[in-house]
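All chains, full assembly: derive it from the sequences and hints.
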Amino acid sequence: AQSVAQPEDQVNVAEGNPLTVKCTYSVSGNPYLFWYVQYPNRGLQFLLKYITGDNLVKGSYGFEAEFNKSQTSFHLKKPSALVSDSALYFCAVRAFTGGGNKLTFGTGTQLKVEL
Amino acid sequence: EPEVTQTPSHQVTQMGQEVILRCVPISNHLYFYWYRQILGQKVEFLVSFYNNEISEKSEIFDDQFSVERPDGSNFTLKIRSTKLEDSAMYFCATAGTSGRNHEQYFGPGTRLTVT
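So the sequences go chain by chain: P and B.
Residues in the first sequence are numbered from 1 upward in steps of one, following the working numbering.
Residues in the second sequence are numbered from 1 upward in steps of one, following the working numbering.
Just so you know, the hints here were simulated from the structure itself, not pulled from any lab data.
Careful: at least some of the hints might be erroneous.
To be verified - Quick list of in silico lysine to any residue cross-link-like pairs, SDA-like style, CA-CA up to 25 Å: (1) B:Lys57 - P:Gly29; (2) B:Lys57 - P:Gln2; (3) B:Lys57 - B:Glu44; (4) P:Lys49 - B:Gln14.
Said to hold, decoys possible - Partial pick of chain P residues on the chain B-facing surface, computed with a CB cut under 10 Å: (5) Arg42; (6) Gln45; (7) Gln71; (8) Lys102; (9) Leu103.
Positions of the beta carbon are idealized from the N, C-alpha and C atoms, including for glycine.
Right, dumping it as structure tokens:
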């Protein structure tokens with residue numbers, strides 16, 4: 001069975017500072033990894049994905065994530081946070097072999113960026 | 001930018017009633033999914049649909065649930081006899097021509113309240 005852990009319910013960061021939102025995963029075989037963001041009363045918006053290749057992937061709005069196979073992690077990062085980045089962030093995994101195409105989500109991390 | 005749309009945005013129904021939630025996928029997408037998010041909990045996979053049949057379903061997706069694509073465009077989720085515990089936000093998601101490699105795009109959700 002595949003699973004995702006987001007150990008922090010909330011992350012607070014000052015605007016202009018770097019941010020990290022943590023994610024670890026468990027899956028049989030090679031993983032497909034995704035980050036989604038949810039703004040209030042909105043659906044999930046795709047940010048970025050790791051399928052294969054470079055461990056550092058870049059996505060929308062200046063976000064990036066680093067895939068670390070040995071630590072089974074896929075942390076979301078941004079060099080300089082904006083107040084408008086405040087939202088709920090979800091990490092998700094899909095197995096490369098088996099498990100169909102379903103996404104398994106973490107519990108989400110609320111990011112709060114303050115002035 | 002193409003979007004997944006869902007109707008209604010909010011549905012209130014009495015226990016035991018049937019509800020139909022509707023989704024209009026992104027044009028040319030071939031993989032369709034339903035997920036749900038109970039308030040305060042993680043996003044959970046319900047069912048995936050491809051080539052006019054269910055390709056995978058979760059334990060949540062019991063005989064009370066069904067999906068179809070009646071007119072080749074809309075993708076619907078029907079709950080035959082709603083229970084209080086069906087109250088949740090229901091998200092439709094669609095993916096491009098190769099579901100395994102493509103990210104899923106989510107609609108804004110339908111909030112279902114069962115009283």
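Now the hints, each set against the structure:
1. B:Lys57 - P:Gly29: Status holds; Cα separation ~21 Å.
2. B:Lys57 - P:Gln2: holds, 15 Å
3. B:Lys57 - B:Glu44: holds, 11 Å
4. P:Lys49 - B:Gln14: Status violated; Cα separation ~40 Å.
5. Arg42: holds, 6 Å
6. Gln45: Check passed: Cβ of Gln45 (chain P) comes within 7 Å of chain B, closer than 10 Å.
7. Gln71: violated, 22 Å
8. Lys102: Nearest chain B Cβ about 4 Å off; hint holds.
9. Leu103: Since the shortest Cβ distance to chain B is 6 Å, the answer is holds.
The structure is inconsistent with the numbered hints 4, 7, although it conforms to all the rest.
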